[in-house]
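The listed protein sequences derive, respectively, from chains A and B. Residues in the first sequence are numbered from 10 upward in steps of one, following the numbering used here. Residues in the second sequence are numbered from 123 upward in steps of one, following the numbering used here.
Think of the hints as simulated: they come from the structure by calculation, not from any bench. A portion of the hints provided could be inaccurate.
Interface residues of chain A toward chain B, partial, derived using beta-carbon atoms under 10 Å [stated by the list, open to error]: (1) Leu23; (2) Val56; (3) Ala59; (4) Leu73.
With beta-carbon atoms standing in for the labels, derived distance ranges [to be verified]: (5) A:Gly71 to B:Pro273: 27 to 35 Å; (6) B:Leu342 to A:Phe88: 21 to 29 Å; (7) A:Trp15 to B:Asn299: 33 to 41 Å; (8) A:Ile81 to B:Phe201: 49 to 57 Å; (9) A:Ile81 to B:Pro273: 22 to 30 Å; (10) B:Asn299 to A:Leu19: 40 to 48 Å; (11) B:Arg130 to A:Glu11: 37 to 45 Å; (12) A:Ser12 to B:Pro213: 35 to 43 Å.
Here a beta-carbon is modelled for each residue, glycine too, at the ideal position from N, C-alpha and C.
Residues per chain are reported as follows:
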Amino acid sequence: MESWYWWMLLGMALVTYIPRAFPLTFLEGRELPPIISGVLRNIPYAVLGALIFPAILFVQEGNLLFGLIGTIAAFAIAFAGANVIVVVMGTIAVLAVYSLFIG
Amino acid sequence: MTFFNGIRAGLSIAIGYFPIALTFGLLAKTTGLSMWEATAMSIFVFAGAAQYISLTLIAKGVDPILIVLNTFVVNIRHFLMTASLNEKMQPDAAWKKAIYAFGVTDETFSVLATRKENNIRTSFAAGVIIISYGSWVVFTSLGHIIGANLPTFIKAAMSIALYAMFVGLLVPSMKGNRKVIYLALFGAIIHSILYWTGLLSTGWAILVATLGSAILVEILYTRIEKRLAKGSEA
Chain A
10 MESWYWWMLL
20 GMALVTYIPR
30 AFPLTFLEGR
40 ELPPIISGVL
50 RNIPYAVLGA
60 LIFPAILFVQ
70 EGNLLFGLIG
80 TIAAFAIAFA
90 GANVIVVVMG
100 TIAVLAVYSL
110 FIG
Chain B
123 MTFFNGIRAG
133 LSIAIGYFPI
143 ALTFGLLAKT
153 TGLSMWEATA
163 MSIFVFAGAA
173 QYISLTLIAK
183 GVDPILIVLN
193 TFVVNIRHFL
203 MTASLNEKMQ
213 PDAAWKKAIY
223 AFGVTDETFS
233 VLATRKENNI
243 RTSFAAGVII
253 ISYGSWVVFT
263 SLGHIIGANL
273 PTFIKAAMSI
283 ALYAMFVGLL
293 VPSMKGNRKV
303 IYLALFGAII
313 HSILYWTGLL
323 STGWAILVAT
333 LGSAILVEIL
343 YTRIEKRLAK
353 GSEA
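Could you put together the complete structure from these sequences and hints?
Rendered as structure tokens:
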């Protein structure tokens, strides 16, 4: 690759960093209206919903059943009260067994 | 102490990044990037989805300026995340916040923002971010160097890791909290609708779904609270 790659990388780094850094530094110590801070406190759970669905169903291209089994396994283990790392390892184990013997 | 708690909390991210970073390194090699070029992208950009898309665009010979613009669109959702995270973090010097802001990804944000405590220590965030970033960078290089993939069944099984982590972070907050259930549900529904109708590209779709759900539920709940307050007055 020639020098354009490094210029592009600089651009990518800047446009990724600015949206990450601006709110954390600019909003420091500022009191926001209650409705705004209410919405901001809602963001984590709304974003988790949007990050999980529908993408979790498509982790294996063209194999919806695979994603569905993973989804059910993850929710089942999590609802049983396991901590995050157990949910991750358990779901991987379920799918490893599934794809080794069936998928 | 809190730094090491952060490292521990970030462990699932490090595991989840492993297959993705490894594959990224491998794909970067087949796209024609050198080991340094591939690793540098993981070092300086640190954004999975945007990095993957950039490889596809480089292979197609797309104008680098368009690749930068696309990166911006894909990552604009972090604006919302860091604005939200700011409400939960301990107040600290702007330069420290400017440093750890670099490490806010979908995954590190999710781990930090779902913590129960309301004043997350900077050192805890540093721990979460350092182990995640380390995994991302190291396994990018490794993927390029060994130039081979994991056995198919392991790779397939591990592709679920980050989603399983999101589920593992969400579910404990859902228990006994109807507001959290609605927030996640509306976020999921709006994103699914945007996905299947193809109305928006991924970056915008996640942003719109998140903001839409967060605003909708907030309005709904302020109304209910007002009505309850009125009811108790009468």
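The hints, checked one at a time:
1. Leu23: Holds, about 8 Å.
2. Val56: 4 Å, holds
3. Ala59: 4 Å, holds
4. Leu73: Because about 13 Å separates A:Leu73 from the closest Cβ in chain B, which is outside the 10 Å limit, the hint is violated.
5. A:Gly71 to B:Pro273: 27 to 35 Å: 19 Å, violated
6. B:Leu342 to A:Phe88: 21 to 29 Å: Once the Cβ atoms are compared, 25 Å apart, the range 21 to 29 Å for A:Phe88 and B:Leu342 holds.
7. A:Trp15 to B:Asn299: 33 to 41 Å: 47 Å, violated
8. A:Ile81 to B:Phe201: 49 to 57 Å: Since A:Ile81 and B:Phe201 have Cβ atoms about 33 Å apart, the given range 49 to 57 Å is violated.
9. A:Ile81 to B:Pro273: 22 to 30 Å: 24 Å, holds
10. B:Asn299 to A:Leu19: 40 to 48 Å: 43 Å, holds
11. B:Arg130 to A:Glu11: 37 to 45 Å: 43 Å, holds
12. A:Ser12 to B:Pro213: 35 to 43 Å: 42 Å, holds
Taken one by one, the earlier hints fail for this structure at numbers 4, 5, 7, 8, listed in ascending order.
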